[in-house]
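Read top to bottom, the protein sequences are chains H and Z. Using this note's numbering, read the first sequence as starting at 456 and increasing by one per residue. Using this note's numbering, read the second sequence as starting at 456 and increasing by one per residue.
To be clear, the hints were calculated from the coordinates, so they are not data collected in a lab. Hints should not be assumed to be uniformly reliable.
Since copy identity is lost for identical chains, a pair holds within one copy or between any two.
As the list claims (entries may be wrong) - Derived pair list, reagent style DSBU-like, types lysine-lysine, alpha-carbon separation capped at 35 Å:
| no. | residue 1 | residue 2 |
| --- | --- | --- |
| 1 | K666 | K709 |
| 2 | K686 | K778 |
| 3 | K482 | K778 |
| 4 | K540 | K686 |
| 5 | K686 | K554 |
| 6 | K778 | K666 |
| 7 | K519 | K548 |
| 8 | K816 | K540 |
| 9 | K519 | K673 |
| 10 | K550 | K540 |
| 11 | K686 | K762 |
| 12 | K762 | K666 |
| 13 | K554 | K762 |
| 14 | K519 | K540 |
| 15 | K550 | K778 |
| 16 | K554 | K709 |
All values reported here derive from a predicted model rather than from experimental measurement.
Protein chains: 2
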Amino acid sequence: MNSFELAARLRTVLPSNSVLHDTEDLKPYECDGLSAYRQLPMIVALPQTEEEVVEVLRICHASKTPVVARGAGTGLSGGALPHPKGVLLSLAKLKRILKIDPFARTAQVQPGVRNLAISEAAAPYGLYYAPDPSSQIACSIGGNVAENSGGVHCLKYGLTVHNILKLRVITIDGEILEVGGEGLDAPGYDLLALMTGSEGMLGVVTEVTVKLTPRPEKAQVVMAAFNDIRKAGNAVANVIAAGIIPAGMEMMDKITTQAVEEYVHAGYNLDAAAILLCESDGTTEEVAEEIERIGAIMNRSGATEIKASRDEAERLRFWAGRKAAFPAAGRVSPDYYCMDGTIPRKRLADVLSGIEALSSKYGLRCMNVFHAGDGNLHPLILYDANRPGELALAEEFGAQILQMCIKAGGTITGEHGVGIEKIDQMCSQFEASELEIFHAIKAAFDPEELLNPGKAVPALRRCAEHGAMHVHRGEEKFPELPRF
Amino acid sequence: MNSFELAARLRTVLPSNSVLHDTEDLKPYECDGLSAYRQLPMIVALPQTEEEVVEVLRICHASKTPVVARGAGTGLSGGALPHPKGVLLSLAKLKRILKIDPFARTAQVQPGVRNLAISEAAAPYGLYYAPDPSSQIACSIGGNVAENSGGVHCLKYGLTVHNILKLRVITIDGEILEVGGEGLDAPGYDLLALMTGSEGMLGVVTEVTVKLTPRPEKAQVVMAAFNDIRKAGNAVANVIAAGIIPAGMEMMDKITTQAVEEYVHAGYNLDAAAILLCESDGTTEEVAEEIERIGAIMNRSGATEIKASRDEAERLRFWAGRKAAFPAAGRVSPDYYCMDGTIPRKRLADVLSGIEALSSKYGLRCMNVFHAGDGNLHPLILYDANRPGELALAEEFGAQILQMCIKAGGTITGEHGVGIEKIDQMCSQFEASELEIFHAIKAAFDPEELLNPGKAVPALRRCAEHGAMHVHRGEEKFPELPRF
Numbered sequence: 456m457n458s459f460e461l462a463a464r465l466r467t468v469l470p471s472n473s474v475l476h477d478t479e480d481l482k483p484y485e486c487d488g489l490s491a492y493r494q495l496p497m498i499v500a501l502p503q504t505e506e507e508v509v510e511v512l513r514i515c516h517a518s519k520t521p522v523v524a525r526g527a528g529t530g531l532s533g534g535a536l537p538h539p540k541g542v543l544l545s546l547a548k549l550k551r552i553l554k555i556d557p558f559a560r561t562a563q564v565q566p567g568v569r570n571l572a573i574s575e576a577a578a579p580y581g582l583y584y585a586p587d588p589s590s591q592i593a594c595s596i597g598g599n600v601a602e603n604s605g606g607v608h609c610l611k612y613g614l615t616v617h618n619i620l621k622l623r624v625i626t627i628d629g630e631i632l633e634v635g636g637e638g639l640d641a642p643g644y645d646l647l648a649l650m651t652g653s654e655g656m657l658g659v660v661t662e663v664t665v666k667l668t669p670r671p672e673k674a675q676v677v678m679a680a681f682n683d684i685r686k687a688g689n690a691v692a693n694v695i696a697a698g699i700i701p702a703g704m705e706m707m708d709k710i711t712t713q714a715v716e717e718y719v720h721a722g723y724n725l726d727a728a729a730i731l732l733c734e735s736d737g738t739t740e741e742v743a744e745e746i747e748r749i750g751a752i753m754n755r756s757g758a759t760e761i762k763a764s765r766d767e768a769e770r771l772r773f774w775a776g777r778k779a780a781f782p783a784a785g786r787v788s789p790d791y792y793c794m795d796g797t798i799p800r801k802r803l804a805d806v807l808s809g810i811e812a813l814s815s816k817y818g819l820r821c822m823n824v825f826h827a828g829d830g831n832l833h834p835l836i837l838y839d840a841n842r843p844g845e846l847a848l849a850e851e852f853g854a855q856i857l858q859m860c861i862k863a864g865g866t867i868t869g870e871h872g873v874g875i876e877k878i879d880q881m882c883s884q885f886e887a888s889e890l891e892i893f894h895a896i897k898a899a900f901d902p903e904e905l906l907n908p909g910k911a912v913p914a915l916r917r918c919a920e921h922g923a924m925h926v927h928r929g930e931e932k933f934p935e936l937p938r939f
Numbered sequence: 456m457n458s459f460e461l462a463a464r465l466r467t468v469l470p471s472n473s474v475l476h477d478t479e480d481l482k483p484y485e486c487d488g489l490s491a492y493r494q495l496p497m498i499v500a501l502p503q504t505e506e507e508v509v510e511v512l513r514i515c516h517a518s519k520t521p522v523v524a525r526g527a528g529t530g531l532s533g534g535a536l537p538h539p540k541g542v543l544l545s546l547a548k549l550k551r552i553l554k555i556d557p558f559a560r561t562a563q564v565q566p567g568v569r570n571l572a573i574s575e576a577a578a579p580y581g582l583y584y585a586p587d588p589s590s591q592i593a594c595s596i597g598g599n600v601a602e603n604s605g606g607v608h609c610l611k612y613g614l615t616v617h618n619i620l621k622l623r624v625i626t627i628d629g630e631i632l633e634v635g636g637e638g639l640d641a642p643g644y645d646l647l648a649l650m651t652g653s654e655g656m657l658g659v660v661t662e663v664t665v666k667l668t669p670r671p672e673k674a675q676v677v678m679a680a681f682n683d684i685r686k687a688g689n690a691v692a693n694v695i696a697a698g699i700i701p702a703g704m705e706m707m708d709k710i711t712t713q714a715v716e717e718y719v720h721a722g723y724n725l726d727a728a729a730i731l732l733c734e735s736d737g738t739t740e741e742v743a744e745e746i747e748r749i750g751a752i753m754n755r756s757g758a759t760e761i762k763a764s765r766d767e768a769e770r771l772r773f774w775a776g777r778k779a780a781f782p783a784a785g786r787v788s789p790d791y792y793c794m795d796g797t798i799p800r801k802r803l804a805d806v807l808s809g810i811e812a813l814s815s816k817y818g819l820r821c822m823n824v825f826h827a828g829d830g831n832l833h834p835l836i837l838y839d840a841n842r843p844g845e846l847a848l849a850e851e852f853g854a855q856i857l858q859m860c861i862k863a864g865g866t867i868t869g870e871h872g873v874g875i876e877k878i879d880q881m882c883s884q885f886e887a888s889e890l891e892i893f894h895a896i897k898a899a900f901d902p903e904e905l906l907n908p909g910k911a912v913p914a915l916r917r918c919a920e921h922g923a924m925h926v927h928r929g930e931e932k933f934p935e936l937p938r939f
């Protein structure tokens, strides 16, 4: 079936204006948040109901057409990059909040609902949806499920997988699956967890039941400055080792604080090699006690300055700087490459030193800003795409950071997913036998590989061509990080 | 290969005394905690190392011999019931604690390590392993992973899946998989969650890395009495709706409190239709504040008596009664059948009324004792196996309870698993399309169905023969529970 025939076929089940086929209409869908990769899809389908999603999938299945599902397109690993011979299936029009149940503390929503819109709808009941990716104004819950998104608060409140109860999923052959349930556990294999983070490879989500969390009475944040990035890394480990789970624990290095300070005037210590932001939430008494304990630990860990936010305005100002880190990177460098790796917390100081060494080696600056509490790094490699060779250098620098994460017992992604960006690093992360299991699971849902082909899990052939040696994860076997 | 040849073959890779073949040696393995089902295995293998596990699985794979893995054998759904033509693979000898890392707050252990032994080993560091099934003195962590076990504390601290980080798993063809990692999230599909609770159908666990939790400074428990079981059910929902996550919230009805009181002298209110035990843990100040709030909610919910434990001895006495509920059932009835279903918390009062009605209908008493906070019911149906027909009546009563759980939007198991016991109820819980996905996942790991055949996921053929109508879960479609 050629693209005109397929478009015509799709128009028998969708309103005509919900099937886009002209190049200029397709253009807005050519990339997601990873704009270094661009590709026009053959057709864009914009269903408005679950029935229409089922019909689109049935047609694609019958005609062996690849399907790439897309939420808000804010993803940073190219998971929603279109397939040139495929249908880009946008879930943007499925954006109804079907039900808020304040008693059961759940919300039942369609996939196109924005992350923040759920919290807004739940606010009158004193509830909110806890996972808060930086893109939460724009990103949709369907995409959050596909990528198992995190955010500043996920240290205390968990990732997407910990905050959802039930999914309705359409398989490639148009079957409706309900996975999960309202109870704490479900019999059978854990399909809810399997679907979450599967990057659109196993099915298309048409409904999500999320847990809602009571809004804490009070929140306060401590800003601690350190003259040595290793001390800051150890302070993070010390807070956690003391049994405190902060509502958020973020670190920024000197380049970052300097870049954001002139922009948001957060009141950061600009002489510090690194600052930590550590938030406590709960009842007023709990917060007062925890903030005191956090302050004492920062002090013992060698902080040169410790400030607790005095009021809500100051708390928001402290966070505004952190949230502006990515835009601020755009002010100090023409281009930047945002990495996403996760390491065991106790290796923070080592890996930060390693990144510093790599920065000297490649002659490229790197801003370090990240979810320190859960070991999720977001190094921003600064480069100038107009200087010949710098993009390639930045990419090599980035790949070295990810290899270092694996060697430190961590992983190549924290919350941005694998998508197309890190598909080759998957060859380093996993053994062939593990990738084979992934492929077999994929085949259980989608034997013809029509859903998001070429993403998330590399073909074994690709790994062989890429020539990646599998670096077995786990520090036990690689106690030493490479020296640069 | 006949059983003698197979035993000889196994003795080439295991010490001779680790391969049991004589009937009297096999006898102790004929059942697990669900002793109504008994079956001698063909052979019992008792490997002592991971390498030996790999060798046993390779031999079974090559000879197409079914393999049933077994931990401590405390399971209550017959998940470790032997296969008459298979090898019973006991992991009991893999019982080393490989490492306690107090800084990362993890323990790396072999599958045969007892649940409580992990907490004992972690105690010097002020840490413990949170999931605490009633059988925790005896049950092993490998079995906990296979069943995704819970316990009194799982309301606040999560199920097994929330408390493990990494698994080493041997596939049926002897490949070693490492799933999960020390970071918060891992790329690829979530095999850690998929393995957890898969009841020995996908692989054999040889190593578990668990999270350790800091022991709280203080714990206190409130005992609240109610003259109406519906009020007690609503009190549970009210506590949760107020944003409190108790460390444990358990309910017992009148038959249960009376049966246990004369046995443990816990100080329960014996006139109450139901009592609730609700625990708070944390710092001394947190506990004081939370206990006050819990008391106020119990009061508003209509409690006729509210007592907070005055010291640690009284707290332990309050819990001793709860923990003795199963043995106490043995004192008031010659036989009992322990059920395990989960329902949304808000349906507690409805389902309890339904069980009361069923109890009258079948003329059998039923003790209700359960993890109220997470909606996990453990009705104990009392019967006398010596009276003709009573076992069959008890089983029918039990099946009706599970159907009611499904209709209330819940599931047929909370923490005991499906095993052999509830395999037919799986036909009611799931649609054929959902069961097909389960089978396809099974085939991805074990296409010849050698691992624990006949358990957990029913063949579609079996469902057809069983004649179960699929009762679609979710109260939306079945707002009314059946009237008896």
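Inset, instruction - Please write out, lowest number first, the hints stated earlier that are contradicted by the structure. - result: Violated hints (numbers, rising): 4, 8, 9, 13, 16; every other hint is consistent with the structure.
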